[in-house]
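**Student:** Please model the entire structure based on the sequences and the hints provided.
Here is how the chains run, residue by residue.
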Amino acid sequence: MADQFTISEVCICEAAKVWKDDGEILATGIGLLPRIAVGLAKKLHNPNLMMTDGEAFLIDQPHPLGVGAEPCVDGYMTYSRVFDVLWSGARHAMVTPTQIDKYAHLNISSIGNYAQPKVQLLGVRGFPGNSISHRNSIFIPNHSKKVFVEGSVDMVSSVGFDADGVEPLIGKVITNLGIFDYQGNKNTLRLLSIHSTSSLDEIRDNTGFDFEIFSTDETTNPTKDELDIIRNELDPNNLRSSVIGE
Amino acid sequence: MNKVITTNDFISKLEDGMTIGIGGWGARRKPMSLVREICRSNLKDLTLVSYGGPDIGLLSSCKKIRKLIFGFVSLDLIPLDSHFRNARQSGELPEVVEIDEGMLQWGLRAAGMNLPFLPTRVGIGTDVLKNNPHIKFVESPYDDKEKLVAMPAIKLDVALLHVNESDEKGNTLIFGPDPFFDDLFARAASNTFVSTEKLVDSTSFDKEKVANYNRFERNLVSGIIPDEGGAHPTACNPSYGIDLDHLKEYSKSAKTFDEYQEKYLFVDEATYKKNVGGIKSITSIPLTKF
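Respectively, the protein sequence lines represent chains A and B.
Using the numbering used here, you'd call the opening residue of the first sequence number 1 and step up by one each time.
Using the numbering used here, you'd call the opening residue of the second sequence number 1001 and step up by one each time.
Simulated from the structure, these hints should not be mistaken for lab results.
All values reported here derive from a predicted model rather than from experimental measurement.
Looking from chain A toward chain B, a few residues come up when the C-beta cut is under 7 Å (computed): (1) Q116; (2) Q120; (3) P128.
All C-beta atoms in this analysis are idealised placements derived from N, C-alpha and C, irrespective of residue type, glycine included.
**Tutor:** Okay, here's the thing in structure tokens:
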């Protein structure tokens, strides 16, 4: 066990584990930390994962971020093909919505009144289709009531557990405060562990709806192996330090 | 057969109220010079269909859009487009049809296949269907009786695309790593106008490459506009990457658009290229690493 590590590193290590038992599928980490996590998963937990270069190719090994290395290409994955894959279910993505609610609805579209939003975000992108086709895990760098909203998200961009006839596949929810899933009674959000820098009170104060408590154990510390790979191979320039204010 | 036309010819083929699809994706291989020509024109009340990038931002700020059919608008390296956000947040964009990217693909595909719709599950259980009550359901006629979304065809009057090479007849080559959905736009449209980095003699085409890089047939192409650097400030691999500095300037200009317009839109395309540093400076922008 390493004695010094950051919450970003804890999150990356825990995030990487979500792909452990997925077998030979496409792993997509959207955003910096999820992307590092996919690389760590591929190197440590599941070498059979397929991953992309973020453009149009499958790559054999994750390449270090921000150093312009040429990845070893071993396949082709255009946007059109991403849809062919995802509709088959052979994908597990990790995404960062702007809002999430008790039904696991995600919102990346807009905040406020839809006709004239207070804040226009990206648009629903592929979230509606992703949410009914394959498993999605969630990474939240700023766990707060603005993200874990009371009531419903402003624009339901993905299927939730209240839908008729369809159900989302939600993996883990990893935040800067703790680790969760939606495996509580009737798919309630459920706390699995708390990071060493946080507390149950802090999590309660920053979550806009009730959640179950499976465990209040401290989140597993990163191992030396995990930290070495993150620091030396995947993110040598420490870009990860900018994601969570810590 | 010679389909090469001038930008004036191109603009003269467009009409107010048309439905226009724009190829490329985000800040990648967008036919930006054609978009700028629309900005410079008197055209209005357009319906735009796009995997949105600065094409949508510019047309928003120039108030050319009556209705936008989209899944997202992003500048890639800059996640959100400030012009599009302004237009939405100020209520200046009259109508939006915000759908899943896959539904967009299905709508274009249905149009290209001359079908009224294609069935999908995508959209179920989300506000995409709540906000778009014109999108209806269909029941599977088979034993499963599943209730599916009937994604309506998105028929285009015009598609605008940018390619690496074309001959006079409209045989085009896209060398970029991802052809995106350009072929679907071309098939969904009554007329497709293509700007090209290079106008070439097709006898110079590398036969081996044609098979992989000619993504749609020339009969779909109505007009060719030769324009090196025409995708700027978006990427056109392998010739140039995204001009991040320009996209930053563009992003800042959402609130002070007059200055940007003065410099880049109230001038002709040749002056635009000069004002962004010249064609050599465009083609020396390094390819973007994602």
